[in-house]
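Undergrad: Make the full structure from the sequences, and use the hints.
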Amino acid sequence: MSFPWAKHYKPSHPLMVWLDEKLPLPRFVYNAIGGGYPVPRNLNYFWNFGVLAGFCLVLQILTGVILAMHYAANSGVAFDSVEHIMRDVNWGWLLRYAHANGASAFFVVVYIHIFRGFFYSSYKAPREMIWLLGVVIFLLMMATAFMGYVLPWGQMSFWGAKVITGLFSAIPIVGEPLQQWLLGGFSPDNAALNRFFSLHFLLPFVIAAVIVLHIWALHIPGSSNPTGVEVKQESDTVPFHPYYTAKDGFGLGVFLLGYFAMVFFFPNALGHPDNYIAANPLSTPAHIVPEWYFWPFYAILRAFTADFLFIPAKLMGVLAMFSAILVWFFLPWLDTSPVRSGNYRPLFRKFFYLLVIDVLVLGYCGGSPAETKYVLISQIAATYYFLHFLVILPIVASVEKPQPLPFSITEAVLGTDEAATLSGASTAA
Amino acid sequence: MVRIFGPIVGLFFAVALLWSFGLGAYQIIREPEPSTAVKDFHLAPKEAKFSFEGPFGRFDNRQLQRGFEVYSQVCSNCHSLKQIAFRNFADLGYNEAQVKAIAKAWPTKAKTFDAKTGEAGERDNVPADHIPPVYYAGTGSPPDLSLITKARHEGPQYVYSLLTGYADQPAELLKKYPESKTPDGLFYNPYFANLNIAMPPPLTTDGQVTYSDGTPATVDQMSKDVAAFLTWTAEPKLVKRKQTGWAVLGFLVAATALAYLSKRNIWADKH
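Same order as they appear, the protein sequences are chains A and B. Read in order, the letters of the first sequence correspond to residues 602 to 1030 in our numbering. Read in order, the letters of the second sequence correspond to residues 12 to 282 in our numbering.
One or more of the hints may lead you astray.
Keeping only pairs whose Cα atoms sit at most 25 angstroms apart, straight-line, the calculated SDA-like set for lysine to any residue is [unchecked claim]: (1) B:K253 x A:G859; (2) B:K248 x B:N72; (3) B:K251 x A:V690; (4) B:K60 x B:D102; (5) A:K833 x B:W278; (6) B:K253 x A:N869; (7) B:K93 x A:G677; (8) A:K1002 x B:I15; (9) B:K93 x A:H671; (10) B:K187 x A:A887; (11) B:K248 x A:E684; (12) A:K951 x B:K93; (13) B:K57 x B:T229; (14) A:K833 x B:D280; (15) B:K122 x A:H685; (16) B:K93 x B:E44.
To spell it out: a stretch of chain A is covered by chain B in this simulated footprint if at least three of its residues, at any positions, have a beta carbon under 8 angstroms from a beta carbon of chain B; those stretches are [what the hints assert, rightly or not]: (17) 642 to 654; (18) 859 to 866; (19) 894 to 907.
Please keep in mind that the hints were generated in silico from the structure rather than gathered at the bench. Positions of the beta carbon are idealized from the N, C-alpha and C atoms, including for glycine.
TA: This is the structure in C-alpha cells:
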C-alpha cells in the first residue's frame, strides 16, 4: 500500500522488463526503499537511526560469520581461540574488535531509535504493530548480545552467564530444574557454551526476519514525522530515493566515523578487563557487571533487596527486570493523548526528559559495584521508571492541554500551505 | 483494561521498591557501612608515560627488547606467557637467527610424548613453539602474563606501579585496622586489589638484569620496560591497528564530506 501519488516502477531495459515479469524483486526494492516509497519531507536526523540499526545488523552478521570460521566453541579452548583470532588470523583483530564494538554501536543506535519513538509517540495508532515488532527485535537483540558475550569464555563471560541463568532459579518450584535443563549442567560449562554459540548464530537471522516484518508494517501507514501530523497531500512527501538515501548516506558516514574511532583507538574501552582473564569457576570476580547496554535493567534487578508480600526479593527483581521491557508492549494503550509529537506536548516533554535522565542514572548505578548508596539511588530511579510508563503517561494524556498543531507537514516546513490557505483553516503566513 | 491494570502494576512495583528503599535506608542510618583497609589504602596506578599511548603511539623496539630481557631473566621463572610463540619475537626487531637462538636457549624445554612407546621426553624449543608453560612448585600458580595489561584497568601503569609499589604497611593502617595486618608469606602493595600480594618483590636491586644495550637497569627502568613488553604481548597488533585507523578515518572524512554535499544538492529545492 502506498499513497496514490507514489511513483510506479517502470523498467525500461528489456532484461529488467523480463525480470519484472518473472520475479519482481527490483519492483519490490523500488517500492520499499526506492522512488516508490513517499516519505514525509520533514524528517529530522533522529529518523536516520532505523537505517543505521539495519546496517549494524548486517555488519554484525558479516563479521560474525567470519569470526565463527575461526572460533572454537569448546570451554577448553574457546578463550585461546579468540586470542588466536587476535594474533594469527589475518586481520582477525579487526574482525573481533569490529564485532565487539559493533554490538555496542548497535545498542547505541537502537536506544536512540527507541527514545525517538518515545518522544514522537511513534507507537500510536496506526503504527502499533511496528512498535510491537520493534520491542520483539529489542528482546531478541538482548538475548543475542548476552549469549555472544559468553563466547570468549573469559571471567565476565562465565560469571555473567552464571548470574543471568541463575535468574531462572528464582521461579518457584520449577526454577532450579529449569535452570539445569537450560544450562545442560549445574553451572555454565561446555554444554552451555555450545548451545549459546548455536543460538548466537541463529538469532541474528531471526532478528533479520522480524525486521522484514517491522519494515513491512511500516510501509502500510508510512513513516511518522516530527510534527506527528499525518501525510495529507503530495507536497507533504518526497520519494525515499534520492532524498532519504542521500540523507542516510551522510548519516552513515558520521556514524562510521564514530564507530571506527572506537574500533581503532579505544577498542576495549567498553569492555571489562576481567574478560581478558580466562573463565575460572573457582574464582569469583570482585564485581560482576554485564555489558553497558544492560546496566539500566541490571540496576532494576538489583534494586529489589527486601521480600515484599511474601514474594522473595530475587523473584521481584526478575519480574521487574522483565516487566521493565514488557511494559513497552502496552505503551500504545497507556498513552492515550491524540497528539503524537512531544513537540506539541509541553507536560509530556518534561516527563520525557526526566525519563532520559532516569534511565541514565539507572545505567550508572547498574554499572557500579553493588554498594548501598548505588542500590538506594537505583531504587528511587526504578520507582520513577515504572511510574512513568504505567501511571504518569496515562494521567498526562488526560490532563495535558497540547499546543496547536500545524495544518500539514508542508505548512510546518514552508510556513504556509496552499490547501490550508484556500480552506481558511489556518492563517499562518 | 490496560489503563486499569497498568497503574495497578506500576504502583505495585513502586511500593515494593520504596519498601526496599525504606528498609535499606533505615539499615544504613542505624549501622553505616564500615570503612575497610582496602577502601582507605588502595591506590590507583601511578602516572607513567609510554611511547605506545595516544592515537599516534608506537612501540619502542629497544624498550620492548629490554622488557623481554627482564621477563626472560626474572618473571619467566614463575609466570608463563602462553599466547606468545618464539617466532613472535621477530616483531621486537630480532632477526631469524636470534629468534632461533632464543628458542633453543630457553631453559624450559618443549615437552614431547612418543605415542608408540608412551615415553615422555624433552627437546629444545623452535620458533614455531609457544613459550612453554611454567610448572611452579609453590602454592598456587602465578597468573599467565600474556594478557595481563588488558586484564587490568590502566594495565601498563598497573604493572609498573605494582612492581615499584612494594612498601612496609603504613603505621596508620595498622592502627586503624589491626586485623588487616599483612599475613605471613604475603607482601604489602597498595596497588594490588586486596593490598596483600603473594608475589615477593621481583625487582629489588639496580642492575639485577643485564641490559644488552647498556641502559642502566634501575628498578624503575626495569619495571617500565617490562610493562611495555607486556603491553606488546597483550596487543601485538597495536601499532598496525592505530595506523589502519588513520587511513580508515581519513577515507571516511572525505566520503562523508562528499555525502553531505550530495545530500545538500539533492535537498536544495525542498527546504
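Undergrad: Now tell me, hint by hint, if it's right for this structure.
TA: Okay, the hints, checked on the actual structure:
no. : hint            : result
1   : B:K253 x A:G859 : 15 angstroms, holds
2   : B:K248 x B:N72  : 14 angstroms, holds
3   : B:K251 x A:V690 : 14 angstroms, holds
4   : B:K60 x B:D102  : 22 angstroms, holds
5   : A:K833 x B:W278 : 21 angstroms, holds
6   : B:K253 x A:N869 : 13 angstroms, holds
7   : B:K93 x A:G677  : 15 angstroms, holds
8   : A:K1002 x B:I15 : 23 angstroms, holds
9   : B:K93 x A:H671  : 19 angstroms, holds
10  : B:K187 x A:A887 : 24 angstroms, holds
11  : B:K248 x A:E684 : 12 angstroms, holds
12  : A:K951 x B:K93  : 56 angstroms, violated
13  : B:K57 x B:T229  : 17 angstroms, holds
14  : A:K833 x B:D280 : 20 angstroms, holds
15  : B:K122 x A:H685 : 21 angstroms, holds
16  : B:K93 x B:E44   : 42 angstroms, violated
17  : 642 to 654      : violated (count 1)
18  : 859 to 866      : holds (count 5)
19  : 894 to 907      : holds (count 4)
Of the numbered hints listed earlier, those contradicted by the structure are 12, 16 and 17.
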